[in-house]
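Asker: Protein chains in written order, with the working numbering: chain A, 1 to 425; chain B, 1 to 425; chain C, 1 to 425; chain D, 1 to 425.
It should be emphasised that the hints constitute simulated quantities derived from the structure, not laboratory data.
In this text, all values refer to a predicted model and were calculated from it rather than measured experimentally.
Treat the hints with care, since some could be wrong.
You can't tell identical chains apart in this list, so a pair holds if it fits in one copy or across any two.
Under the rule of at most 25 Å between Cα atoms (straight-line distance), these lysine to aspartate or glutamate pairs were calculated in the DMTMM-like manner [what the hints assert, rightly or not]:
no. : residue 1 : residue 2
1   : K339      : E69
2   : K425      : E33
3   : K39       : D78
4   : K229      : E380
5   : K92       : D184
6   : K92       : D44
7   : K39       : E192
Protein chains: 4
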Amino acid sequence: MTTAVISNNKMETFEKLESAVRSYSRGWPTVFEKSKGYKLWDVDGKEYIDFFAGAGTLNYGHNDTNMQEKIIEYIQQDGILHSLDMGTTPRKEFLETFQEVILTPRNLDYKVMFPGPTGTNSVESALKIARKVTGRDTVISFTNAFHGMTIGSLSVTGNSFKRHGAGVPLHHTVSMPFDDYVEDQNSIAYIERFLEDSGSGVALPAAIILETVQGEGGINAARMDWLKKIERICRRWDILLIVDDIQAGCGRTGTFFSFEPAGIKPDIVCLSKSIGGVGLPMALTLIKPEYDKWGPGEHNGTFRGNNLAFIAAKEALRFWETDQFSSEIQDKAKLYKVKIDKIIAKYPELNGEARGRGLMQGIAVHVDDLASKICTKAFERGLILETSGPNDEVVKFLPPLIIDEEGIMKGMAILDDSIAQVLSK
Amino acid sequence: MTTAVISNNKMETFEKLESAVRSYSRGWPTVFEKSKGYKLWDVDGKEYIDFFAGAGTLNYGHNDTNMQEKIIEYIQQDGILHSLDMGTTPRKEFLETFQEVILTPRNLDYKVMFPGPTGTNSVESALKIARKVTGRDTVISFTNAFHGMTIGSLSVTGNSFKRHGAGVPLHHTVSMPFDDYVEDQNSIAYIERFLEDSGSGVALPAAIILETVQGEGGINAARMDWLKKIERICRRWDILLIVDDIQAGCGRTGTFFSFEPAGIKPDIVCLSKSIGGVGLPMALTLIKPEYDKWGPGEHNGTFRGNNLAFIAAKEALRFWETDQFSSEIQDKAKLYKVKIDKIIAKYPELNGEARGRGLMQGIAVHVDDLASKICTKAFERGLILETSGPNDEVVKFLPPLIIDEEGIMKGMAILDDSIAQVLSK
Amino acid sequence: MTTAVISNNKMETFEKLESAVRSYSRGWPTVFEKSKGYKLWDVDGKEYIDFFAGAGTLNYGHNDTNMQEKIIEYIQQDGILHSLDMGTTPRKEFLETFQEVILTPRNLDYKVMFPGPTGTNSVESALKIARKVTGRDTVISFTNAFHGMTIGSLSVTGNSFKRHGAGVPLHHTVSMPFDDYVEDQNSIAYIERFLEDSGSGVALPAAIILETVQGEGGINAARMDWLKKIERICRRWDILLIVDDIQAGCGRTGTFFSFEPAGIKPDIVCLSKSIGGVGLPMALTLIKPEYDKWGPGEHNGTFRGNNLAFIAAKEALRFWETDQFSSEIQDKAKLYKVKIDKIIAKYPELNGEARGRGLMQGIAVHVDDLASKICTKAFERGLILETSGPNDEVVKFLPPLIIDEEGIMKGMAILDDSIAQVLSK
Amino acid sequence: MTTAVISNNKMETFEKLESAVRSYSRGWPTVFEKSKGYKLWDVDGKEYIDFFAGAGTLNYGHNDTNMQEKIIEYIQQDGILHSLDMGTTPRKEFLETFQEVILTPRNLDYKVMFPGPTGTNSVESALKIARKVTGRDTVISFTNAFHGMTIGSLSVTGNSFKRHGAGVPLHHTVSMPFDDYVEDQNSIAYIERFLEDSGSGVALPAAIILETVQGEGGINAARMDWLKKIERICRRWDILLIVDDIQAGCGRTGTFFSFEPAGIKPDIVCLSKSIGGVGLPMALTLIKPEYDKWGPGEHNGTFRGNNLAFIAAKEALRFWETDQFSSEIQDKAKLYKVKIDKIIAKYPELNGEARGRGLMQGIAVHVDDLASKICTKAFERGLILETSGPNDEVVKFLPPLIIDEEGIMKGMAILDDSIAQVLSK
């Protein structure tokens, strides 16, 4: 009881002065002060293991020492902080490094657009350019997709609570079944039928937009074969393929781009979150040169030139100079999978189901409200993780990619304990 | 000629790797490296006077020393950099300082929402909550308004090039004449007539959104009396008044909020750009408590917790602890006005017209392409300023508010000289 | 009281079996049985003078003897009744007569489209073809316009009750002020300003649609000069001009087309109501040959071939073989105007205002509900006339064009008496 | 060749004066003059057997003698021809007869709305009231549905040519697979999954609208079991079920309403085409009393009171006083099916597939353009029938229900012969 009171006092400023829209500060009612690697500490000095990574923004961990140093050095030299899309040295160096370390080795040819520093801005720009170059307006998105909160991105987002928040109907989009969305049914056949029939009521779309692993939608990982077939549909009907790699990209699934194992080449790729290295706002839209038909300033924004982010972003790309980082992620992913399977087996009451790919995994808990209770209990015990899915039914594992075995084991132990506690009630 | 070749080489990376959407780097073809106060330097060591201020983002000047120190100190302490909307110390301190220094002294009562770090995100959230609390979908915006590039914000933006870029029709909005938009016509009478008549074809709107000075639309400053009448219309028909103070706020016109001299109290206020102090991405949506009807997470975003921005933002609020800063801005504004009037008088060929308010002024040049040519010439001579207006017909003055008399005089001298050069051809 | 009970019994079938949407049968609670010329009789043998003409559908009066005979003869010969858009003799003869009697003498060149037998179908087809040939989607309509109840036509209709009935937002249209809609303001200047400014927020429209006299919207007659200026705007910006002559056409204002006195040539004209001669469902869309870019069947409908209507329609065109009918209408119109002015002068309590043109006139009564009370009282006394306007504030005079002086005098006497009665309460 | 020239001369008026939108007069290039029962004659006296029935409008045959007499008698008595929704004797008698002969015996309870005399008007009114009573805006329609050409009805229509003709995007609708639309896939499972998942991107709809047999979409007959399941979905999620029975109703499939054999009770039923008995424009919207929440005049239209149609409609209902008519239709349907199967067997080159139900049958011909060629050849030989389906791939049999065995045999012989001719080329 005493704890609760203290906790309430701690949060008083937020409750009194901030809007009712605040969410994470409700589930994790403390004031955080410090962070390093895969750990955070609050103002009371309590330590937390991070299985959340800023919703996928802190793939390289908190306060990477190298990035910190480069940022500080730049500030001390009176480097340009804000530059819209003017030329600056950090922008130039980031562009060159991205080309050299990421695009060229993967045999990818994209023009880089800085669309404003948020993921939703990248998605909005991707939809715009796809509509412009095709002259069509419809976009196919998928069930349980999440692409952002501004009206364009919301229109391709599945979640009804978030859609309803728009306050206006959302148009120019068709929602199609993601991979094995409907049991025993073939979503590819379904999509193809609608496209081939001129009487289907679904217009030939400008683009198909997808996440290879749906992060907010319940850690639904598309099969590589399904992704290949979607790409084939795009090629057959001359539809642009947009991969929203905002959460699943930047190494989250084991490769820099999440779509690499499928061997596909999207026409447009959206990146944000961890692209800024250390959690600073930044986003990119990658566009195949033949589709880069923008007029100058046709999509713009004030914070396209966040130079501190460019500096950290360039340092982050160093992780990708060799294959080592990628193979480490995959090893850790296997370890997670083993632990998750054990937990599911240990607690049949969860009616649990393992989901995901790479370091983007989850346990779907098919009992109402249980996933939320588990996360709450874990927070109390020093583990930060959140739920996902249309009914918050999935416990989601999204640790910094630099987490070590000790961190994983410790976090999983807290989780195990939390589940036991919740189920014992 | 040699210079041109060098310049081209300098920009090669951007031209080769970046999308065709880039704009400022075309008009100002150099690579910037350093900045302080109201000055920038490029990689060749050339100095520029800044009459642009990051499009209104650098009201407190480049690299404010105090803000630099606080940011560096925070990073060195491994402070949380990225926190979504979790509680952190900088968020808490910013909220408290904003309440104490800005809201309370102005007798304003708003809940503070962090909607994502861009202006357009603030506008999107404002439109959403206005639609939610009223249950209506139409929003009235104004001719030559600019509110952002995501679909919701674009729908209340006037510029046809930018609207067309949406690739889809933009709905749920009605464009009304801004102040004296139609010569010799009373825009208030029009708006009232449309609202009072149930057969007008214009539905009762959820909100009226406006900029008190239209920055992108041509430095059109609304008269205080017109703003008062708009507020009266909102009260009479129970319409929410949204002031988009993203460019005109944070002291740009002489007071913290641009609407203060009109004595109005908007229901919702959008802030971004200079709120982050030193050019770091940040935005706020201020909502009267009675309209703060959000569900938790109903509008969210990854970069709502840019703690470096919170730290700089808090320091920036210190400028507002006394009235001195405000009165200095107004003095500088007068100086600008004097210089502008002189230039207009000196060069009748410009067919010039003075516009604006505070340190947000402009010269409308009623000769095709002339404004752009002047800005290009000024850049060559070390002055950064851009055009504005539907046909880029306005030379826009938007210096850092901390500029001194020397800076103003020097910049204006370059401008004078540039105009002379352009006209002599 | 006894009367009321009897009347209720008479209406029982409608009240019990018909939908709540019924309207005229509420205001005129009787069962009509017979009609001829400008008179109707109900099942009780009560006689009514018709100042309503089926809302402008019975311009040639009820049961024109000649039309009756031709219809009966056709049926007796087993003529084709229903033919979609197949070739039939009545369709052929109507087309030839319409060309010869109406189009050629007026030097008008239009292709004739049969869009389905209702006015709203004509409007929907006009909007479609205008959007197709221009490739634009916006249509400018006017305050207090009424163009029909299907979604396309509703979107260009002003009335908020009817718009709200759509159940979905209505888009792709901009409502502009009709003629002198806002007192002392120049609507032409207003419209031109929005069109010439690329930052106005109003896209270049496909078409401007208007009624020269707004029937449902309050009998607002546009000045000829205003119509000319609207046509000039259309020519200047290459916008199609659509005149919806469904209610004001077919002689209602004194000439066959209502726009003839303005000397304008619309690109598209919508006709319905009295085009079918004797009240049978029929509609036309007239399209300048250069804009007749339909694909076969691109707009169709089951009842495009109502041959009984074609037969009556052809007979009706005989009225237009000389100028006599037109000049008679204008004489009667003058008589109405004299009587209306007298009534307004006689009853200052009405705060009355004369409106309209030709045999489409009205008295705007600026006292709440008074117009409706007057119409109710008149019905009891054997005069059928209805209200119009956004608040049902206009008593509307729309007699069959074939009415004679006796009918006018008798009807006006009943009206005078009814007003006296209503005011005396 | 001579014939062709004559034929061209005959059609000259239509080609010269009518819009390019005309369609049937292109496929059947003659001028029709007379008709009776299941036969038509053109101006040259050539006789045609009618397997088309005015696209389902002439179920009771051409010029039914009894209906002719009643209509003539009414006209001769100066009966009211046009009455909007005023009370008239024919309206009253139709309402009472419809209640007595159709609704009461089938244990159906509907309020009758007269929405304007066309099918599309009935559909528009159905969508409006469904949106009003549920407060939702989305409507689920089906692949290859056809519901009309006005914007509201087009939005629930599948055909891309017709949708494209709208000139504006069509919204507020979701197209779902009709019955066995996707081979080997369960459309019910798809629909249920989309509805039960709050993250599906498909909002809870106001209504589901369907045709039990899709006439324009290719004579696709839904299975009774599928219809039952759709009704169950409607009940489970509180969605209104609208059956568009405009083409399949009025006995076309063997029962008055096409949905009777499925044992379902739609919330709203749209009727038009044959409801007017002899081809006169008329439509009804039947609404369960609990959903009849219209305000007076909220949906209206000029030609809601086509009294000649009411008179014929009342006579037509006599056909339904006993079960005989229904059982005759079913016998004829069987005869058609036998003949169709024979033709498919006889001409394997057609790759033919039998479709449909009752006297609404078809042969899908899976060879490009063959169906159209067959219909053209048949017309030359005196048989009128048209194609259907997204690619005009279905030869459609839609004879008047009163056709006799001789007519069927004779028509089928012509068809057989026409196919032989077409295939022999």
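Asker: Each of the hints needs a verdict: does it hold here or not?
Answerer: Consistency of the hints with the structure:
In this assembly of identical chains, the alpha carbons of K339 and E69 never lie at most 25 Å apart, being 36 Å within a copy and 45 Å across copies at closest. Taking CA atoms no more than 25 Å apart as the test, K425 paired with E33 passes in neither setting, with 33 Å inside one copy and 61 Å between copies. For the identical chains of this complex, K39 and D78 are inter-copy neighbours only, at 11 Å across copies versus 31 Å inside a copy, given an alpha-carbon limit of 25 Å. Within a single copy, K229 and E380 get their C-alpha atoms no closer than 44 Å, and across copies no closer than 48 Å, so neither meets the 25 Å cut-off.
Neither within a single protomer nor between protomers do K92 and D184 lie at most 25 Å apart by alpha-carbon distance, with minima of 50 Å and 51 Å respectively. Taking the closest pair of Cα atoms, K92 and D44 come within 25 Å of each other only across two copies (15 Å); inside a single copy the shortest separation is 42 Å, beyond that limit. In this assembly of identical chains, the alpha carbons of K39 and E192 never lie at most 25 Å apart, being 47 Å within a copy and 43 Å across copies at closest.
Comparing the model with each earlier hint shows violations of hints 1, 2, 4, 5 and 7; every other hint is respected.
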